[in-house]
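Protein chains: 4
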Amino acid sequence: MKESEVKKIAVFTSGGDAPGMNAALRAVVRTASFYNIECYGIREGYNGMINNDFIKMGARSVKNIITEGGTILKSARSLEFKTKEGRQKAYDNLVARGIDALVCIGGDGTFTGAKVFSEEFGIRVIGVPGTIDNDIFGTDNTIGYDTALNTAMDAIDKIRDTATSHNRVFFVEVMGRDAGFIALNSGLATGALDILIPERKDSIEELFETFEKAEKAGKSSSIVVVAEGEKLGSIYDIAKATKNGFPDYDIRVVVLGHIQRGGSPSCADRVLASRLGYGAVIGLMNGQNQVMAGMQSNRLVYTPIEEAIKKHNEIDQDLLKISEILAI
Amino acid sequence: MKESEVKKIAVFTSGGDAPGMNAALRAVVRTASFYNIECYGIREGYNGMINNDFIKMGARSVKNIITEGGTILKSARSLEFKTKEGRQKAYDNLVARGIDALVCIGGDGTFTGAKVFSEEFGIRVIGVPGTIDNDIFGTDNTIGYDTALNTAMDAIDKIRDTATSHNRVFFVEVMGRDAGFIALNSGLATGALDILIPERKDSIEELFETFEKAEKAGKSSSIVVVAEGEKLGSIYDIAKATKNGFPDYDIRVVVLGHIQRGGSPSCADRVLASRLGYGAVIGLMNGQNQVMAGMQSNRLVYTPIEEAIKKHNEIDQDLLKISEILAI
Amino acid sequence: MKESEVKKIAVFTSGGDAPGMNAALRAVVRTASFYNIECYGIREGYNGMINNDFIKMGARSVKNIITEGGTILKSARSLEFKTKEGRQKAYDNLVARGIDALVCIGGDGTFTGAKVFSEEFGIRVIGVPGTIDNDIFGTDNTIGYDTALNTAMDAIDKIRDTATSHNRVFFVEVMGRDAGFIALNSGLATGALDILIPERKDSIEELFETFEKAEKAGKSSSIVVVAEGEKLGSIYDIAKATKNGFPDYDIRVVVLGHIQRGGSPSCADRVLASRLGYGAVIGLMNGQNQVMAGMQSNRLVYTPIEEAIKKHNEIDQDLLKISEILAI
Amino acid sequence: MKESEVKKIAVFTSGGDAPGMNAALRAVVRTASFYNIECYGIREGYNGMINNDFIKMGARSVKNIITEGGTILKSARSLEFKTKEGRQKAYDNLVARGIDALVCIGGDGTFTGAKVFSEEFGIRVIGVPGTIDNDIFGTDNTIGYDTALNTAMDAIDKIRDTATSHNRVFFVEVMGRDAGFIALNSGLATGALDILIPERKDSIEELFETFEKAEKAGKSSSIVVVAEGEKLGSIYDIAKATKNGFPDYDIRVVVLGHIQRGGSPSCADRVLASRLGYGAVIGLMNGQNQVMAGMQSNRLVYTPIEEAIKKHNEIDQDLLKISEILAI
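Going down the list, the sequences are from chains D, L, H and B.
Just so we're aligned, residue 1 is where the first sequence starts under UniProt numbering, counting upward by one.
Just so we're aligned, residue 1 is where the second sequence starts under UniProt numbering, counting upward by one.
Just so we're aligned, residue 1 is where the third sequence starts under UniProt numbering, counting upward by one.
Just so we're aligned, residue 1 is where the fourth sequence starts under UniProt numbering, counting upward by one.
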């Protein structure tokens, strides 16, 4: 396939929003504009594709959005796109506008949809990893992850102030249904006494031992960071079990929740998003299809979208060990 | 009483911690040092007074703490101080050190203790209002309130990003068990669709009407800020009732929690804390007793501690109206 | 004059931009919309009035701008408005659209123009104080001032880290050509060793004495905050003189500059801007003219615009004294 | 050399301070403590080594410093260490305490000193790259770089607000005497119209062309980010030349300066610092000498300190191209 063959592309954001999606979008639109490729934005992800909600985008349509969290194209889950009929409608809309290829900004749900769609109808697709969870294979970091880490860290730093002032134990839940990246890194960065993540088999006994060790070392307050997807139980259960084990502890639970998805993206996320958005358009121009653009060791790489979905970045076991050694 | 009569003072923080307590503490210690008054810090509030946990403080002991959240003297509730025996022990410890007067940094619980103690034993006390809730009479703002407002606002701004991207309705709980100051001001500052506070009789019907109005005006996402002490029900109940009334809404709940107590104090809080800490020592030197130092219209004022406890700053009814007019 | 007489208003921002101008603009537009008053925005201040650069604004035109620094209507100085011909053109444009009254968001230059214009042509005007300098009479704080204080403080806090690590002396210039408010408050909030402001007659001798006192007290690093308009000389001159006096000092100069004008407004500034924008429209409805809306002791007040220009908020002399006592 | 042979180490920070140095220090001290290695801190870098300014450090001495900018051990340049006599004194002090090895946190000046010292006296050394400039070979990022990027970006975002409001052109100088990393990444992240860095031969003609292109594209305000070490001339010269070429432009210069060195470290910097501090001690235990600990592609690597000094990370040429494509 020759470069000249990409004449019109469409871009959309899908799945949970992540800071930097707008920066990625800006990069896609401006790179397309630079290379004289026509570019459409599709609103609300696959739903907009089905409902024909397209907007023409030029260099000026993405003015000043690099600083903004969320996504100006909005995002949504689409049940209809899971049906053949839905996808057919979507495809017809693309054909009607003469769109050659799609840039899909999102996580593995988004990529799975794109893969099926591309296989079914032959439309070319390229993925850009946008999710705070960092659980996509083929890129060192996903867009939004670095910002979410800083948000979680800032919140835990604030909780530390009150924990220390009152000699309290705080259990803090951070996002990550399947992956402990946010928990592990924000916990390490805030000196958490313990970090509970789904990738490791945790036990209440070990947690108790850690508390005992901390007491012996003279720590009078503690923070335990718990990933949303922790398998030992809900954060409330864990807090309750701890209260039973240590009735004297003044224990509090904080669930950070959706603040972790928002906010102006960090510099690293803006740069990453800019490079990947650029890389996606360049990839399409160079004939890439069914791949995801990622950055590894500061280099742009394309990974088959199937691998990006199936494989997963592993938690660095060293980090768990380091966090234990440094916590007390 | 002559100025020269204050020779030794002690300062402590008590009740929920608030950003700026350290700045107030620094001001007390350095003002005392400047006027050659000896100064002790008491750790963990009234508990430390009972347990004889005093530390000598000089100008260098409060170095660099102006930027820090929490309180280096720590804070705690004291059940023992509620007993006559506890207070007697506390008093004996003060007498043993020759302490003439106390500077008490905290909220109304702290002040109530100080008042009883002063009436009982004749020890001179002066209060400095440190609480994020802003529910103390005799000062335009309490120390920590401005910082808490900015923290809540930043968090809600982030939630706004994801609310807008997904066309969602978020209910966000902010602190304020008895007072709606944080809810009202952070809600106004973030363009909240509605603000539910204990000072106003709210109803689900009115809330629903507001949602309907917003829909008509074309708003596709909304944030409702709810004070902790809202009387209509828990935030989860209100969210559930809303889901029943508007089954299509994609509704989420976020409880901001303890992040609101921490963080480096804002400029306004550091300045306020500095002025009040200074004002407390000057007040003692000028013979004040059983009063609270406050700032009103940029002027230092002393209010009888009894009034500070009993009366309350009223929510500005105008603000409620303004927030309604500006929200849609 | 009856309420019903205000049917069409126009709003503009002028002079140096300040964080919260957008929040004020939003409040003006939405309050007007609520009371069925037609509202125009004028771009680039008086220039747009002359060049007929008006845009119709409704509740949705100010969506989401409450969080944004700067001003979406832009701001500019206008030489042409200083001429009779310029003002005549401006007036003709207002008449052609049937505009009854103007809301002018800006500082004393803006208000002076408005006053002259109103006296000359009888057009009704109301001012809203938007300037980071806080040098407007008739309001406790101007819009943008609180945000600028926090920005300056954050920057100085960062400089403190490097000053302490290297035992250095930093001279930091903050904005304030005629007023020392930013210098005094940000200096107090960051524990500056000395604060040089135009309102006080400073001398190199006193500065040197302060350095000597600090040395004796064992301080190994220092920050001196200097207002832009300091009369002792430029910050570079003062730094040079200090180097001559204390050749061993490792001295650096930082000029904070325009970062102080930008950024998302603080909660206090958003609330203030919302109240004043609302108050301006209400004022016009109630027949106010040639006044400025301000907040004093948490209450909306209207001050004759002439007074707002001529009188000035005084620096609190207490603050200077407090900052000296607390610095060492 | 066997693991058991490292019994006593000393750690110090040297050169320009960088956010995260404290986090690295904490990691060194706590890892040493965990492995029962005695640990000393040396104050003010090589000067303290010469002046015998050592402090014994245990796990509790580095409590809560992970959040703090600067370095609690302080940093300084040492002329005396450049002399043989100075180094002899330093070595004698180490011998007197029985110190086996040194962990040196700093940049290439620090490493050069360490290398000479180790070669001369046989003392074992390991480097940890702490500098905001990111110009050290052997690690993807240096400690402090990510935080400095975010600080520069936040400042430029604020300047953007005022640039846009006034249709101005701002030239903003960021740190980087020899390297354009901060300029390039912060410029890309803030949508700078042009980025001038020492690694590329820039010309006024090209800069003017860029301005002309921007005008044609309808941009009414612009930011040009200039690295401190730009070879085209000082930022003031460049601004002046631009004013000559475009007399209508309203041009301002901001030099960000030392704010870029301070501040609480970002999550990425805290994690990086923790891993490298840990890696330094582990490296010494494993017999490493005259190497630097770095992270490459998320893996701990040791690079001969000579290489770390002599080689340099190259600016990614792609980034320059991307920034041009995305700017307009």
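No lab work stands behind these hints: they were computed from the structure.
There's no promise every hint is true.
[To be verified] Below are the DSSO-like pairs computed for lysine-lysine, each with C-alpha atoms no more than 27 angstroms apart in a straight line:
1. D/Lys240 with L/Lys240
2. H/Lys213 with H/Lys201
3. D/Lys82 with D/Lys63
4. H/Lys89 with H/Lys63
5. B/Lys56 with D/Lys63
6. D/Lys63 with L/Lys219
7. H/Lys115 with H/Lys63
8. H/Lys8 with H/Lys56
9. B/Lys213 with L/Lys56
10. D/Lys56 with B/Lys82
11. D/Lys7 with B/Lys321
12. L/Lys84 with L/Lys216
13. B/Lys219 with B/Lys310
14. B/Lys321 with B/Lys216
15. H/Lys201 with H/Lys7
16. B/Lys56 with D/Lys7
17. D/Lys8 with B/Lys321
18. H/Lys321 with L/Lys321
19. B/Lys63 with B/Lys219
20. B/Lys56 with H/Lys243
21. H/Lys201 with L/Lys8
22. H/Lys219 with L/Lys56
23. L/Lys56 with H/Lys213
24. D/Lys219 with B/Lys89
25. B/Lys201 with B/Lys310
26. D/Lys8 with B/Lys216
27. B/Lys321 with D/Lys56
28. L/Lys216 with H/Lys310
29. B/Lys8 with B/Lys84
30. D/Lys201 with D/Lys321
31. L/Lys63 with H/Lys8
32. D/Lys219 with B/Lys63
33. L/Lys84 with L/Lys115
34. L/Lys243 with L/Lys219
35. D/Lys8 with B/Lys56
36. L/Lys219 with D/Lys56
37. L/Lys82 with L/Lys56
38. L/Lys115 with L/Lys201
Satisfaction of hint between L/Lys216 and L/Lys84, Cα-Cα up to 27 angstroms: violated (62 angstroms)
Restraint status (C-alpha distance of B/Lys321 to D/Lys56 at most 27 angstroms): Between B/Lys321 and D/Lys56 the Cα gap is close to 25 angstroms, so the pair holds against 27 angstroms.
Given hint D/Lys7 paired with B/Lys56 - CA-CA distance at most 27 angstroms: violated (67 angstroms)
Satisfaction of hint between D/Lys63 and D/Lys82, Cα-Cα up to 27 angstroms: Not OK: D/Lys82 and D/Lys63 at ~33 angstroms, beyond 27 angstroms, violated.
B/Lys321 paired with B/Lys216 [C-alpha distance capped at 27 angstroms]: holds (20 angstroms)
Holds or violated: D/Lys56 to B/Lys82, with C-alpha atoms at most 27 angstroms apart: Violated, because 64 angstroms separates the two Cα atoms, which is more than 27 angstroms.
Restraint status (C-alpha distance of L/Lys243 to L/Lys219 at most 27 angstroms): holds (17 angstroms)
27 angstroms limit on alpha-carbon distance, applied to hinted pair D/Lys201 and D/Lys321: holds (14 angstroms)
Holds or violated: L/Lys63 to H/Lys8, with C-alpha atoms at most 27 angstroms apart: Given pair L/Lys63, H/Lys8 is violated - Cα atoms ~57 angstroms apart, limit 27 angstroms.
Straight-line alpha-carbon gap B/Lys219 to B/Lys310, limit 27 angstroms: Answer violated: B/Lys219 to B/Lys310 is near 42 angstroms, above 27 angstroms.
Holds or violated: H/Lys219 to L/Lys56, with C-alpha atoms at most 27 angstroms apart: holds (20 angstroms)
Hinted pair B/Lys201 and B/Lys310, Cα distance within 27 angstroms: Holds, because 22 angstroms separates the two Cα atoms, which is no more than 27 angstroms.
In the structure shown, a violation is registered for the earlier hints numbered 3, 4, 5, 7, 9, 10, 12, 13, 15, 16, 18, 19, 20, 21, 24, 28, 31, 35, 38, in ascending order.
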